[in-house]
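Q: Spelled out, the chains give:
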Amino acid sequence: MLRYFLKRLLSLALSLLAASLVIFLALEVVPGDPAAYMLGLNAQEDTLNALREQLGLNGTILERYLSWAGSLLTGDFGISYTYRTPVSEMIGDRLWVSLPLALYALTLSTLIAFPAGIWAASRRGSYVDAGVMGVTQLGVAIPNFWFAMLMVLVFAINLRWFSAGGFAGWDAGFFAGMKSLTLPAVALALPQASILTRVMRSSLLDTLGEDFIRTARAKGLNKGQAMWRHALRNALIPVLTIMGLQFSFLLAGAIIIENVFYLPGLGRLVFQAISARDLIVVESVVMLLVFAVIVVNFAVDLAYAWVDPRLRGRR
Amino acid sequence: MSLLFHSRTLLPGAILTFIFAGAAIVSLFWVPYDTTVLDIANKIKSPSWAHPFGTDQFGRDILSMIMVGARTSIAVALVAVGIGMLAGVPLGLAAAARKGGLLDEVIMRMNDLVFAFPSLLIAVMITAVFGASALNAIIAIGIFNIPVFARLTRGAALSLWSRDYIMAARVAGKGPARISVEHILPNVANLLIVQGTIQFSLGILAEAGLSYVGLGAQPPVASWGRMLADSQTMISFAPHLALFPGLAILLTVLGLNLLGDGLRDVLDPKLRRARV
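In order, the protein sequences belong to chains A and B.
To get the numbering used here, take the position in the first sequence, counting from 1, and add 38.
For the second sequence, counting from 1, position 212 maps to 196 in the numbering used here; every step adds exactly one.
Hint data in this document are derived by calculation from the structure and do not stem from the laboratory.
Just so it is clear, the structure is predicted and the values come from calculations on it, not from any experiment.
All C-beta atoms, glycine included, are put in the ideal place defined by N, C-alpha and C.
One should not assume that every hint holds.
Partial chain B-side listing against chain A, Cβ under 10 Å, derived [what the hints assert, rightly or not]:
1) M109
2) A112
3) V113
4) F128
5) A140
6) L199
7) P229
8) L231
9) T236
From just these sequences and the hints, can you work out the full model?
A: Structure (structure tokens):
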């Protein structure tokens, strides 16, 4: 197990290194000089040079990469070209919206999907199964930002239960904050919950068709016992894979949903930064989200080994 | 033909898919109204006989816009799934065949790397560098599809490699490449079809999402996502502007998913036996 863990840890570090290189090089090829952009057309050459020096824009590509990656490790993302404030502060503020939103949605999605998937699989072919599958068909097919707009129309504009957008802020209290995140989280969670329900159901049904389940039934376990003791754990691997994949969809989806609800999260930040050509902010937000996805992926790999001991042995 | 009625989902899925694919094809030759011509006198009209889905804020016919938008959505998603499958499946098969080897390690780490960039982030980076376009949306969604298919194929293939019949094939002297193609691929095809439909529908949804935030197809190319973005500020007094493009996305994706489910029912003898 320790060897498996160390091997995964090494690949985690390599992935992060490779991802940071890709992001740095991709945005490095962008034409234009941030210093000239910040100082305007009439800037003096020596002022430009001084600013380039301050922003770390002088030097070779390798030097710039090393200084950028080095400061990332210490939590220093640099200074925003347009706002002139530390990027880490800007991201820190926004993270308090985006991260709770993604976690809220993930929780909702899991809480819906596990019971619904198990329920449908255990009543295969019944009206329950058909009903669950029908609802998930719609849930998978609905664009979440459109669903969000419809919810705004119904719950904010007509019923006035929620505000149509904006974030109350955590200073207004935990429940006020959660309330502003509820419609966005439901919109984010619905498609993910539907996909996860379907994966849970089909994976369980596949497992229930295996020989070892027949053996378990033959030795006297009833359907429920066979399911809980043997099938569920074996069915979890595809479910974990999808949950790992979904985290990145949640983060990406959060970027879009934040735009529907005008939430001051990372998504709004990155689009403002794109239109202002504030590339250091784009670079930092992308790096942060990619970092999150890689770490979650690492956790899923460890979870595989926990669910399926054979994987530990073979590695 | 009897296969069409074998599954409850195949026929409705095929019909929905046919309608939208048909609308996209017809729009190449004919649309009720020209979507590039503005008609301000008829702006924001509710559905009527002349304009079944109403008109938008520039007086353009929404039915015509949806027909043209179908072209954009289907083309982007189809090419993106093609990229993902053509690159991802062989990589996954190769990685599973040489599990733990250098090839497996390199393929999976590269996959992890690509996989760490959700399609929206790839699109954000491409847009920051090259600007927004439908082509960039295809590239972003397509790149993200590669590791999805590679990981799925590898995972499924790995569990098959420990089966007895694979051992039998090895004893019979078949090499890993031949076993992968002759024995592994047919057995993972079912999973690939299901994932293919999920990715196709996700592709349509992703295209819509990218256009919605302005990273996809640019004006004057009509796109469902941008129609929704334009309608957002008017939703309280003109909900039909948001209703029809959203329904178009929903029904297209639903149709594709039902079609995929139906195909799986028909193609997979194991599931068919189980149902009977």
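Q: For every hint, state whether the structure bears it out.
A: Hints and how they fare:
1. M109: It holds, given that the least Cβ distance between M109 (chain B) and chain A is near 5 Å, below 10 Å.
2. A112: holds (5 Å)
3. V113: This hint holds: V113 (chain B) lies near chain A, its Cβ roughly 5 Å from the closest one there, short of 10 Å.
4. F128: holds (9 Å)
5. A140: holds (9 Å)
6. L199: holds (8 Å)
7. P229: This hint holds: P229 (chain B) lies near chain A, its Cβ roughly 8 Å from the closest one there, short of 10 Å.
8. L231: Where the cut-off is 10 Å and the nearest Cβ of chain A is about 9 Å from L231 (chain B), the hint holds.
9. T236: holds (8 Å)
Violated hints: none; the structure is consistent with every hint.
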